[in-house]
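Use the sequences and the hints to build the structure in full.
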Amino acid sequence: MPILENRFEENVVFSTVDEMINWCRLSSIWPMTFGLACCAIEMMAVGAGQYDLDRFGAGAFRATPRQSDLMIVAGTVTYKMAIRIKRLYEQMPEPKFVMALGVCASAGGPYYEHGYHVLKGVDKIIPVDIYVPGCPPRPEALFDGLLKLQEKIRHQKVLRRLTPQEKSVIDETTRKYELETQKLAPLPKEYQA
Amino acid sequence: MKRYLLDIWYSVISTLIGMKVTLKHVFTREVTVQYPEVKLPFPDRFRGMLFNDIATCISCELCAKACPADCIAMTGAGKGKARYAPMFDIHIYKCLWCSFCVEACPTGSLVMSKEYEISGYNRDCMILHFGEGVRPEGAEAPIPGTMPKVTGPELVTPARPHAWANAWKNNPAPVVEKPKAAAAPAAAKPAAPAAPAAPAGDGAPPSGANAG
Numbered sequence: 002m003p004i005l006e007n008r009f010e011e012n013v014v015f016s017t018v019d020e021m022i023n024w025c026r027l028s029s030i031w032p033m034t035f036g037l038a039c040c041a042i043e044m045m046a047v048g049a050g051q052y053d054l055d056r057f058g059a060g061a062f063r064a065t066p067r068q069s070d071l072m073i074v075a076g077t078v079t080y081k082m083a084i085r086i087k088r089l090y091e092q093m094p095e096p097k098f099v100m101a102l103g104v105c106a107s108a109g110g111p112y113y114e115h116g117y118h119v120l121k122g123v124d125k126i127i128p129v130d131i132y133v134p135g136c137p138p139r140p141e142a143l144f145d146g147l148l149k150l151q152e153k154i155r156h157q158k159v160l161r162r163l164t165p166q167e168k169s170v171i172d173e174t175t176r177k178y179e180l181e182t183q184k185l186a187p188l189p190k191e192y193q194a
Numbered sequence: 315m316k317r318y319l320l321d322i323w324y325s326v327i328s329t330l331i332g333m334k335v336t337l338k339h340v341f342t343r344e345v346t347v348q349y350p351e352v353k354l355p356f357p358d359r360f361r362g363m364l365f366n367d368i369a370t371c372i373s374c375e376l377c378a379k380a381c382p383a384d385c386i387a388m389t390g391a392g393k394g395k396a397r398y399a400p401m402f403d404i405h406i407y408k409c410l411w412c413s414f415c416v417e418a419c420p421t422g423s424l425v426m427s428k429e430y431e432i433s434g435y436n437r438d439c440m441i442l443h444f445g446e447g448v449r450p451e452g453a454e455a456p457i458p459g460t461m462p463k464v465t466g467p468e469l470v471t472p473a474r475p476h477a478w479a480n481a482w483k484n485n486p487a488p489v490v491e492k493p494k495a496a497a498a499p500a501a502a503k504p505a506a507p508a509a510p511a512a513p514a515g516d517g518a519p520p521s522g523a524n525a526g
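Line by line, the protein sequences give chains A and B.
Per the numbering used here, residue 2 is the first one in the first sequence, and the count goes up by one each step.
Per the numbering used here, residue 315 is the first one in the second sequence, and the count goes up by one each step.
Note that these hints are calculated values from the structure, not bench results.
Bear in mind that the values here come from a model prediction, so they are computed numbers and not experimental data.
If you want the footprint, here are the derived chain A segments under chain B, 3+ residues with CB under 8 angstroms:
hint, region
1, 43-53
2, 102-112
3, 144-155
Every residue gets a Cβ at the ideal spot worked out from N, C-alpha and C, and that includes glycine.
Written as structure tokens, this is what we have:
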């Protein structure tokens, strides 16, 4: 809703509309079908019968970024894969959310010190909404991250105007991502998109 | 015409045969764990997040040396039995969950707890602070607000006790049988780690980067 977004005052009508939109968004978070490393095995376990991801409306793994809301970055993000991930993220429609599953996707993980080929956290190329540490995380930890993401979506403002404090937080986050992206070592030429 | 009707008959029959398998599962035991309400019991040797009982820690740095990923950043101060750890940070974002540090710990203060739900909205959730803070010469307890600045990679946030580390005050720590050597220096140690100086940065509203 780019035309209507953040244009209205706080009142009963728009608070209720926002609540409804947020409820719709958090109740059907469709993830994208892709996994990068061993954390993806845990993600598959979450989709199976014992830990049923469908209970939270997030079990419909879409095979295309254009139909998905949530990007579960499950595993080690190598430099070669990083540009693909960024492209997939840009292909997702708004609103889109990113979960960094496992410490590799969160901050580099065991490759933090000596990984010459690993991106030190996927948040250096795309904004991450929820970090789930673990090597790999338990399936319950993924659920915990998903519930916290739902809680985050529940408090978002869609139509209502943001307060200056909230706006400053978003600006700060954007600035931080830009800085971190600049800090990133340039990719080799043959890998550049 | 006969062939046409037979095709319809076979399609109905084969569907029913398939649905019989589905129907069998209606009467079997439910396998789904209703996670937020019901949690699976973990085995005794389950390796979760690291936890350091800092009052027992003698700051020998054996765990930091045993770690293959250098995820424990610590400093030691004091001599002999009064030795303590002003800074004990576990960088979860490098941890392998290999439990080598727990095997190396001589006092049993470092354990792998059964905690796994520490996901968060920023990178702060991946650094666990267990340090006591800087203690002046002769003082029995650390002075609040004197937590040392953590030096190192740019990821490390200003040192403050992690929310999860504080949560252990309410929940009892996992029971570990401590060796006899750990009982002697316990008198010189404070009972609790340093109180948080200021809960800076906690007030960020959860309306994230995607709202704009």
